[in-house]
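**Q** Chain by chain, the residues:
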Amino acid sequence: MAQTPNTQIKIEIGEGAAIPVKSDAGLFTAWRIAFFGAILTCCYLAFVKPDPYLEIFRFVPDGILVTFKVTVGAILLASIIGLVAGLGRISGNRIINGTASLYVEVIRGIPLLVQIFYIYYALGRFVKIPDMLSAIIAMAVCYGAYLGEVFRAGIQSIPKGQMEAALSLGMTRGQALRQVILPQAFRVVLPPIGNEFIALLKDSSLVSIIAVSDLLRRGREYASETFSYFETYTVIALIYLVMTLFFSKLISLMEERLNADR
Amino acid sequence: MKKFRFLSVAALLAVSISATAMAAPMNIKVATDATWPPMEMVDTHKKIVGFDIDFLNAVAKEAGFTVTYKNTAWDGIFAGLESGKYDAIISSVTITAERKKKYDFSDPYIQIGQILVVPKTDKSTVTIADLKGKQVGAQIGTTGAFEVKKNPGVELKTYDEVGLAFEDMASGRISGVVCDEPTAAHFALQRKEYSSKFKIVGAAFTHEGYGITVKKGNTKLLALLNKGIKAVKAKKIDEKLRKKWLR
Chain R
1 MAQTPNTQIK IEIGEGAAIP VKSDAGLFTA WRIAFFGAIL TCCYLAFVKP DPYLEIFRFV
61 PDGILVTFKV TVGAILLASI IGLVAGLGRI SGNRIINGTA SLYVEVIRGI PLLVQIFYIY
121 YALGRFVKIP DMLSAIIAMA VCYGAYLGEV FRAGIQSIPK GQMEAALSLG MTRGQALRQV
181 ILPQAFRVVL PPIGNEFIAL LKDSSLVSII AVSDLLRRGR EYASETFSYF ETYTVIALIY
241 LVMTLFFSKL ISLMEERLNA DR
Chain Z
1001 MKKFRFLSVA ALLAVSISAT AMAAPMNIKV ATDATWPPME MVDTHKKIVG FDIDFLNAVA
1061 KEAGFTVTYK NTAWDGIFAG LESGKYDAII SSVTITAERK KKYDFSDPYI QIGQILVVPK
1121 TDKSTVTIAD LKGKQVGAQI GTTGAFEVKK NPGVELKTYD EVGLAFEDMA SGRISGVVCD
1181 EPTAAHFALQ RKEYSSKFKI VGAAFTHEGY GITVKKGNTK LLALLNKGIK AVKAKKIDEK
1241 LRKKWLR
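Same order as they appear, the protein sequences are chains R and Z. The opening position of the first sequence corresponds to residue 1 in my numbering, with each subsequent residue numbered one higher. The opening position of the second sequence corresponds to residue 1001 in my numbering, with each subsequent residue numbered one higher.
Hints listed in this document are in silico derivations from the structure and should not be mistaken for laboratory results. Careful: at least some of the hints might be erroneous.
As the list claims (entries may be wrong) - Below 25 Å or equal to it, Euclidean Cα-Cα: the simulated PhoX-like pairs (lysine-lysine) are: (1) K128(R) to K1120(Z); (2) K1244(Z) to K1047(Z); (3) K49(R) to K1100(Z); (4) K1102(Z) to K1227(Z); (5) K1132(Z) to K128(R); (6) K1134(Z) to K1149(Z); (7) K249(R) to K69(R); (8) K1123(Z) to K128(R); (9) K1216(Z) to K49(R); (10) K1220(Z) to K1029(Z); (11) K128(R) to K1197(Z); (12) K1070(Z) to K1047(Z); (13) K1199(Z) to K128(R); (14) K1134(Z) to K128(R); (15) K1227(Z) to K1085(Z); (16) K1101(Z) to K1029(Z); (17) K1150(Z) to K1134(Z); (18) K1199(Z) to K1134(Z); (19) K128(R) to K1192(Z); (20) K1220(Z) to K1244(Z); (21) K1197(Z) to K1123(Z); (22) K1216(Z) to K1047(Z); (23) K1216(Z) to K69(R); (24) K1132(Z) to K1199(Z); (25) K1227(Z) to K1061(Z); (26) K1102(Z) to K49(R); (27) K49(R) to K1101(Z).
Stated by the list, open to error - Taking beta-carbon pairs under 10 Å as the criterion, some of the chain R residues facing chain Z (in silico): (28) Y120; (29) V127; (30) S208; (31) I209; (32) R220; (33) Y229; (34) F230.
Note that CB positions come from ideal geometry on N, CA and C, so glycine has one too.
From just these sequences and the hints, can you work out the full model?
**A** Here's what the structure looks like:
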């Protein structure tokens, strides 16, 4: 038998970008180079080679809006599903607990691409739902499972004494959960939810397969008509990069705020 | 005597070389998006079949080369040709002015038109223009999609495969699908699950010639293909194939 190491090393890797922290004062951080580099490259390309780059920039903006809508819609819906699933996972009730666990296990075991296909076309067989909403539901059902685990971990990270103290003050379990545990847990789960948001933004490109006119599909439509594949995907990649880096920064600012008034 | 032996060896060598050259005819790699029945599709044995496949096999036989097919997604099929992943495309490719600027085409081997398919419940639609304010589906980067785009006020929805567009129309998300006539007939008339739901409206409204696409400047392959196409047409094999695949 192999010897088990004495020390356990925990590796944590986020989905977002490497955001410069205040202590790291260097001007040329990876984030800055990537973010401003991407924006400058976009401007340079549009200015120096307006055909086809400027054309592409004119063609895709409604796609950016769709990508944004799908991402925000899905993260909101996924947070609700995730909270329910997370609470279900720590519930003492066997049926609730089992159902929530089963949901998490099943969803996390199926590739997102397959789920999107399945939910979109399966839903279509039974109910008439507009395409954008189907895309949001598909993304939310998937990410709800991941967020469920985030919420579960967040709630479980609050020391047991908090619940016991709340109960001894005469609160019911529900009251204690709502007024004592969840507000604290929320603070813990915000950073990982931010990470999931970034991951979802990137994965939202998958909805282009179900004919939702998001950023990637707009790009593909342009490329398929003009055959300028290289130029189009260069632009699409740069726009995604700017978006994810921008939101990563936003989320890190939010985290900083949260930590500041702690 | 010695000289004679040398000559005979040389002759033998020459024969064997020419024999191997004949035994291994040129093989060309051809991409096709096998989601476009009945022109090209994958049958239950996972084999690529269809009019285009039979046609190119006949051309290959006439012109003396062999073909290896590569099932490739339509979106990006031209990019693959450009980067040299295969030598040619036979995938119901309409010869258009824009495509001709970038690629070379064989002589047209069949004439086909675009046609509109709508749900049977739709009693009023005659042309695409009647579907103003509604969504009409087509496969991405096809002439069908370009035709829909020509109608202001009609929203084009592009799909990776035309089958997905028909499925989306079956679930009521879109109001019409535009594609090549044979493919429309296949989905709207021959498929059991769709024939009760869809109907073809009017006649084909474009006239398009399909060509085999090769990289710009590949005149050698183009000459070979055109030679084969000419022979196939002269022998009227294409008419037989038409009867077999396009009823």
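**Q** Honestly, which of those hints from before does the structure not fit?
**A** Hints 20, 22 and 23 are the ones this structure does not satisfy, whereas the remaining hints hold.
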